[in-house]
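Counting from 1, one number per residue, gives the positions in the sequence shown under my numbering.
Keep in mind that the hints were calculated from the coordinates and are not lab data. There is no bait here: all hints are sound.
With a cut-off of at most 35 angstroms between alpha-carbon atoms, the simulated DSBU-like pairs for lysine-lysine come out as follows:
1) 28 to 102
2) 107 to 304
3) 118 to 311
4) 107 to 217
5) 306 to 209
6) 217 to 304
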Amino acid sequence: MESSADNVAFERVVNFPTRGIGNATIEKVREFARDNNTTLFQAAIAISPSLPTRASNALIGFTQLIEQMCDDAKHLELSEKVAHLIKASGLIEHYSNDKTDKAGSKKANLEELIAAAKQYAHDQDSDMSEVVGFISLASLDSSGDTNAPINQNVQLMTIHSAKGLEFPNVFLTGMEEDLFPSRQSKDEPHLMDEERRLCYVGMTRAMKKLSLSFAIKRFLYGQSLLAYPSRFLDEIPSEYTNSVKQKFGATMQNYQEDDVFNQDIDPEGQGQLSIGVTVRHAKFGFGTVLNFEGDGDSARIQIKFKQAGTKWLISSYANLEYV
1 MESSADNVAF ERVVNFPTRG IGNATIEKVR EFARDNNTTL FQAAIAISPS LPTRASNALI
61 GFTQLIEQMC DDAKHLELSE KVAHLIKASG LIEHYSNDKT DKAGSKKANL EELIAAAKQY
121 AHDQDSDMSE VVGFISLASL DSSGDTNAPI NQNVQLMTIH SAKGLEFPNV FLTGMEEDLF
181 PSRQSKDEPH LMDEERRLCY VGMTRAMKKL SLSFAIKRFL YGQSLLAYPS RFLDEIPSEY
241 TNSVKQKFGA TMQNYQEDDV FNQDIDPEGQ GQLSIGVTVR HAKFGFGTVL NFEGDGDSAR
301 IQIKFKQAGT KWLISSYANL EYV
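Whenever a hint applies, use it, and build me the whole structure from the sequences.
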């Protein structure tokens with residue numbers, strides 16, 4: 001869309017998702033482009049009327065789709081533009097109709113792309129358009145500078161691609177429910193077991209030090225959501241872990257290091273209340289402290305309960321049991 005002269009991009013999308021444009025039709029487009037020294041997109045427009053009806057309709061439908069999307073997106077904000085283009089292209093419908101785990105992951109990635117567009121700040125001095133700048137940033141090679149010495153690189157990779165490798169220091173980020181493990185695996189025991197094995201693979205890539213992190217809030221699926229620490233964190237024996245926790249009344253940047261996960265806390269609330277602490281409520285059951293505000297009798301605690309969801313409770317009336 002940004003450049004109709006991009007023949008590589010044309011080849012990638014002309015029949016994906018499937019539009020009824022076969023290899024024979026695409027080869028005719030290529031031949032016309034070569035013979036007339038033009039782009040594949042212009043060739044597709046030119047030869048469409050001369051093709052058999054079915055192939056002609058399919059190719060015309062594709063070129064009109066691209067032109068219509070370009071026109072529709074002219075006056076949209078970047079995030080709206082990205083969302084519109086992904087939907088209009090048929091990708092969301094394509095992956096929604098495919099019930100495989102891989103398709104579900106692809107759809108989630110598209111939703112994350114839309115979310116990322118909302119946070120993208122375009123450099124006005126850049127020679128690239130806003131869309132190209134965003135896509136270029138989103139698709140940067142994550143393998144690092146291959147010309148730099150290996151011991152100076154931070155290697156960014158998926159756990160799948162890390163299989164068989166080891167590093168002195170490993171960081172696993174996004175250790176949150178609905179992320180790792182994913183939302184799709186919650187009701188499928190075999191998928192949960194697979195993600196647990198994958199988590200083990202990631203952890204055992206560390207030779208000396210393993211750091212695990214989760215967010216209190218995460219911009220996910222196009223909105224800011226409160227996050228819940230991954231169940232995989234609870235499955236790690238406490239004697240092997242040290243945590244970094246936010247203290248009661250502290251700012252988000254003011255953390256104290258080397259607190260043990262299972263730190264004892266005064267049931268009356270006079271001790272140090274920490275984000276991430278597990279509590280039990282008489283009605284709502286077990287949950288994890290996400291946030292707190294105020295002090296004294298009016299202090300409020302935000303807790304994400306496993307069964308009852310996220311709730312704000314007044315500390316003096318909650319009668320929480322810290323476990």
